[in-house]
Amino acid sequence: MEHLSVKRKLYDRGLRALLYLCGAITCALLIFLIVYVFYRGLGGITWELLSTQTSYINDTTGILPNILNTLYIILLAMVIVLPLGVGSAIYLTEYAKNRKLVAVIEYATETLTGIPSIIFGLVGMLFFGQIFGLQYSLLSGGLTLVVMILPTIVRTTQESLKTVPQSYREGALGLGAGQWRMVRTVVLPNAIDGIVTGCILAIGRIVGESAALLFTAGMGGVLNNFFEALTSSSGTLSVALYLYAGEYADTKVALAIAVILMIITFIINLAATLLGKGLKKKQ
Amino acid sequence: MDAILKTEHLNLWYGDNHALKDVNLEMPEHQVTALIGPSGCGKSTFLKTLDRMNDLIPGVRIEGQVIYRDRNIFDPQVDVTWLRRHVGMVFQKPNPFPMSIYDNIAYGPRTHGIRGKKELDQIVEKSLRGAAIWDEVKDRLKKSALSLSGGQQQRICIARALAVEPDVLLMDEATSALDPISTSKIEDLIADLKKSYTIVIVTHNMQQATRVSDRCAFFLHGELVESGETEQIFSVPKDKRTEDYITGRFG
Ligand SMILES: Nc1ncnc2c1ncn2[C@@H]1O[C@H](COP(=O)(O)OP(=O)(O)OP(=O)(O)O)[C@@H](O)[C@H]1O
Ligand SMILES: [Mg+2]
Numbered sequence: 001m002e003h004l005s006v007k008r009k010l011y012d013r014g015l016r017a018l019l020y021l022c023g024a025i026t027c028a029l030l031i032f033l034i035v036y037v038f039y040r041g042l043g044g045i046t047w048e049l050l051s052t053q054t055s056y057i058n059d060t061t062g063i064l065p066n067i068l069n070t071l072y073i074i075l076l077a078m079v080i081v082l083p084l085g086v087g088s089a090i091y092l093t094e095y096a097k098n099r100k101l102v103a104v105i106e107y108a109t110e111t112l113t114g115i116p117s118i119i120f121g122l123v124g125m126l127f128f129g130q131i132f133g134l135q136y137s138l139l140s141g142g143l144t145l146v147v148m149i150l151p152t153i154v155r156t157t158q159e160s161l162k163t164v165p166q167s168y169r170e171g172a173l174g175l176g177a178g179q180w181r182m183v184r185t186v187v188l189p190n191a192i193d194g195i196v197t198g199c200i201l202a203i204g205r206i207v208g209e210s211a212a213l214l215f216t217a218g219m220g221g222v223l224n225n226f227f228e229a230l231t232s233s234s235g236t237l238s239v240a241l242y243l244y245a246g247e248y249a250d251t252k253v254a255l256a257i258a259v260i261l262m263i264i265t266f267i268i269n270l271a272a273t274l275l276g277k278g279l280k281k282k283q
Numbered sequence: 001m002d003a004i005l006k007t008e009h010l011n012l013w014y015g016d017n018h019a020l021k022d023v024n025l026e027m028p029e030h031q032v033t034a035l036i037g038p039s040g041c042g043k044s045t046f047l048k049t050l051d052r053m054n055d056l057i058p059g060v061r062i063e064g065q066v067i068y069r070d071r072n073i074f075d076p077q078v079d080v081t082w083l084r085r086h087v088g089m090v091f092q093k094p095n096p097f098p099m100s101i102y103d104n105i106a107y108g109p110r111t112h113g114i115r116g117k118k119e120l121d122q123i124v125e126k127s128l129r130g131a132a133i134w135d136e137v138k139d140r141l142k143k144s145a146l147s148l149s150g151g152q153q154q155r156i157c158i159a160r161a162l163a164v165e166p167d168v169l170l171m172d173e174a175t176s177a178l179d180p181i182s183t184s185k186i187e188d189l190i191a192d193l194k195k196s197y198t199i200v201i202v203t204h205n206m207q208q209a210t211r212v213s214d215r216c217a218f219f220l221h222g223e224l225v226e227s228g229e230t231e232q233i234f235s236v237p238k239d240k241r242t243e244d245y246i247t248g249r250f251g
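Protein chains in written order, with our numbering: chain E, 1 to 283; chain R, 1 to 251.
The following block holds chain E by itself, in its conformation from the complex:
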């Protein structure tokens, strides 16, 4: 008995130390990464970088077009993917009668969320770029992103719809509400926080995406307005980072972009948390 408890205590202590070590290593790695990128990149962020485009004639190095392209592509992709994804999630969870088919579709979307994004890039290039003739353009890239993010939006929306208690649905239907009124008035308001969180995380994925965009949206760094960009090669920030780090071998600019991307990601995650919480509280 005595012996056992001593052994257990030792075991407990050892395990705790091990877990502590894991936690410490993780933290150290993260902090190192952040500090390193900020330390080396922060100095590269200049007004010229943020407000001009890269041009040999004017001798400027700027990523304003990439910043705008990132915003454009977020806008384009979300405007399409949001109604499509939320709509199909509502259909699958609230309307579809054929449970087996729904299970198959759910399995498919689940699987699609885990596919490497370069595959979406390849298919997007062949399909939107070549067959549809969109070539390198924001449109081609945006549509590729729609396909890439759609499963995620469908999944997260479905998950949050499923958290709405069945008793709310019964209550609404029991009062003579039709299916759509029930969905609109008691299901969606109670699932909205999850849907919003899903969207913001999807935006995060768009911001961080490069593989799916290299051969669809392209790498263009020319200042365009939204409509010009739709049909021209438009590199986002992440793609620009890839370019500057690789092709142009300009690590200074690459690190500056990295800092900007990290800040954006941080803001997006913060917004997701806050909005999710805020919407929940309003209930």
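Simulated from the structure, these hints should not be mistaken for lab results. Incorrect hints may have been included.
As the list claims (entries may be wrong) - Below, simulated EDC-like cross-link-like pairs (lysine to aspartate or glutamate); rule was C-alpha separation at most 20 Å, straight line:
#, chain 1, residue 1, chain 2, residue 2
1, R, 142, R, 125
2, R, 195, R, 2
3, R, 6, R, 75
4, R, 6, R, 16
5, E, 97, R, 16
6, R, 238, R, 214
7, E, 100, R, 55
8, R, 143, R, 165
9, R, 21, R, 223
10, R, 93, E, 228
11, R, 238, R, 223
12, E, 97, R, 2
13, R, 6, R, 55
14, R, 240, R, 223
15, R, 194, R, 165
16, E, 100, R, 16
17, R, 6, R, 167
18, R, 195, R, 223
19, E, 97, R, 79
20, E, 162, R, 55
21, R, 93, R, 179
For chain E, the structure is supplied; the task is to place chain R with the ligands on it using the hints.
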């Protein structure tokens, strides 16, 4: 005696599970009919069938008829929202929506096209009074209904059901989650409501059945064993199984 609601040869299957077996029951107007029987005998299933809430469940198959005011509710011509507007349901667990008390009560009327503020105000007050909870909540109609106690929530749900002015009110063990005081309030309420409504309740509580119901129906394994006046069922049951159940010899 006019049966406003009756079933004829009602059979229901959940997949292979034959949950209701040839049930014939009449529920007369302005009376309280209590459904009793051991757990799993099909009381809730029967009740849900009366306003077609089973439609939600995949794999359900129904045969036979439910006649509400001379209309078979399974007739394709019958609109389920029309049916549910006239045959209201109060569930076992209080399920107010996560909205204000006011919006909970106004939900039904709004669903059926009533938008005027004045008219809604009147309906809300009348329904809350009808459910004997007006005095407790009149000062906080804008507060979330979830902030109320279980017993209050259940009366909010009753008020919510009354707000659409149904004809029949179905209550599935509406007091089983409540304390004795809330329970007796709701029992008093039922006695009061039957003047204007026809009521069908499910209860596990034999005392409650004798206190509030006019008629009783005893279910066992999906079969309707016996139905009749509550007094008769509890004093001279015709079937041996009914007698065994009400005297607590099995359950
Ligand atoms: N959604 C469902 N899917 C499949 N079977 C069900 C479903 N609901 C009920 N059943 C089955 O139907 C039978 C009757 O169930 P029901 O809920 O009507 O019983 P009950 O008399 O209300 O019992 P209790 O007193 O415990 O509430 C049971 O065998 C049950 O397992
Ligand atoms: Mg039941």
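Hint check results:
1. R:142 / R:125: It holds: about 13 Å lies between the C-alpha atoms, which stays within 20 Å.
2. R:195 / R:2: Distance ~15 Å between residue 195 of chain R and residue 2 of chain R Cα, so the pair holds.
3. R:6 / R:75: This hinted pair holds, its Cα atoms lying about 15 Å apart.
4. R:6 / R:16: violated (25 Å)
5. E:97 / R:16: holds (19 Å)
6. R:238 / R:214: Holds, at about 17 Å.
7. E:100 / R:55: holds (18 Å)
8. R:143 / R:165: violated (24 Å)
9. R:21 / R:223: Cα-Cα ~5 Å, so holds.
10. R:93 / E:228: violated (58 Å)
11. R:238 / R:223: holds (15 Å)
12. E:97 / R:2: violated (38 Å)
13. R:6 / R:55: holds (19 Å)
14. R:240 / R:223: Holds: residue 240 of chain R and residue 223 of chain R sit about 14 Å apart, inside 20 Å.
15. R:194 / R:165: Given that 20 Å is the threshold and the Cα spacing comes to 13 Å, the pair holds.
16. E:100 / R:16: holds (18 Å)
17. R:6 / R:167: holds (14 Å)
18. R:195 / R:223: violated (30 Å)
19. E:97 / R:79: holds (19 Å)
20. E:162 / R:55: holds (19 Å)
21. R:93 / R:179: holds (13 Å)
Taken one by one, the earlier hints fail for this structure at numbers 4, 8, 10, 12 and 18, listed in ascending order.
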